[in-house]
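Undergrad: The residues making up each chain are set out below.
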Amino acid sequence: MRKLFCFLPLLAALSAPALADEVFLVGGAKFTGRIEQQTDQMVTINIGDGVIGVPTSRVEKIVKGRSPLDEYEDRAKRTKADDLEAWRTLARGAAQHGLSAQSREAYGNVMRMAPDDAEARRALGYVKYDGQWMTEEDSYRARGFVKYEGEWMTPSEAQQAQARFDSEEARRDAELRAAEAEAEAAAAQARADEAEERAREAEDRNRWNNPVYWGGWGYGVNTWPTTSTIHYGW
Amino acid sequence: MFRPRLPLLLALAAVVAVLFVGASTVLSAAEKPSATPPPATSVDDIVARHLVAVGGLDKIRAIKTLREQGRITAGADRQALALRERKRPDRTRFELTTQGVTAVFVSNGDKGWKVSPFDNDVAPTPLPEEAVAEAAEQADIEGPLVDWKQKGHKVELVGTETVRGREAYKLKLTLASGGERYELIDATTMLRARTVSTRTVKGRPLEIETTYSDYQKTGGVQFPHRIEVVAHGRPQALLVVLDKIEVNPPIADSRFEMPAGAAKTGAK
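If you read the sequences in order, they're chains A and B. Each residue of the first sequence is one higher than the one before, starting from 770 at the first, in the working numbering. Each residue of the second sequence is one higher than the one before, starting from 588 at the first, in the working numbering.
Same shape as in the complex, but just chain A (with noise of 0.2 Å):
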């Protein structure tokens, strides 16, 4: 599978014209930021947190302005490097447009100047457990919980979750067996298709990590969307 996407230093978007665009998609889809080149197969675009490519074919509208993105890169040029409070509410800020990269970036410039700093701490994933500032996995391992399938839970629900797997590994096996006993080509396409699922379930635990357990007000992503998994150009 193709997998371009592209990681850009904020150094490159700060050193980008200042011209923020949305990119609509057909379907509603899209996407905010600065537009790096438009041809007449692609629209290329500058996010915040790195570049993503998108087929002409499926844009369905450009509407071009001032972003948050621009907003905050241009207010981050213009604030004093020791500027604590500054940095805090450039990161408040773009923490409430959903510009998450630009948010970790002024929490780190004011956790480097006050490293206790709570608010700051915690919006850059630290937990404060037992007296103690660490990552969020390492509170949930402080805590006693377990990571299984990328997904953390109490280990009485490991230890299910993995009696309800061993069980359904029994059940396949034992039709593995009677396919192979019925026809050795079927047990051969069988097993090939046993590689794929599991091949598939291997890249589902991988992706499982931040699981989002949806409770009657939202839908339709399973785990924590992340900028990073999108593919460049499709």
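A couple of the hints might just be wrong.
As the list claims (entries may be wrong) - No more than 30 Å apart at the CA atoms, straight line, and that leaves these computed lysine-lysine pairs for BS3-like:
| id | chain 1 | residue 1 | chain 2 | residue 2 |
| --- | --- | --- | --- | --- |
| 1 | B | Lys698 | A | Lys830 |
| 2 | A | Lys916 | B | Lys789 |
| 3 | B | Lys831 | A | Lys830 |
Because the hints were derived from the structure by calculation, they are not lab data.
Chain A is fixed; fit chain B onto it per the hints.
TA: Okay, now just chain B, sitting in the frame of chain A:
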């Protein structure tokens, strides 16, 4: 023997009064306890009082479209902007935006489609069945307790429970579709305090608890502006904070129609 003097008593009374006023401001107006709740006699009584507390049947039935905007936090360093639109009958559209990328998930209650760049979709593709089912539950603008008998649902009062330190009536709701969940109605405010349901996640049953708070009135109807979702035995929590709710905004039907040229297969 210690004898409290009058000024000391007055000062103490003032402190108590300040603490009381301070504590009461934590809750929104709709959530403030008023008096001891009258005992509920039946499901019909609880549902009737609940619907009055929400705003009354006329106001609820007058909602034809609904647009809610807010922010979703799924843990440290995971935030997104969210938009949910609903339109009778049974149509929902959900948009999630993070880092300048917006994904769209749409359902008409029966089928659905999505354009999710996070899943590498740039063309509309069918929405997976479980997402359509999730959307269908959210498509009922007025909620399942309105006309529940006519809708074919079943409601039973199974007891009371404490939600965030307050007594709540626990109703077991069996949807006409076969799904089951518990609705916990705050016994004082008669607003929905929590729902508990079991969903299948990665082939495993998982109990999901959704707690509603910060109720505010829009269009004469009470809406929760803070929604917290936790899964049993999981450390992560999902928090939805709604900044803006619009009742009956114009929403074109085309917002829910799958665009031409959509892929026939390929749902992820």
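Undergrad: Checking each numbered hint in turn, tell me which of them this model violates, lowest number first.
TA: none
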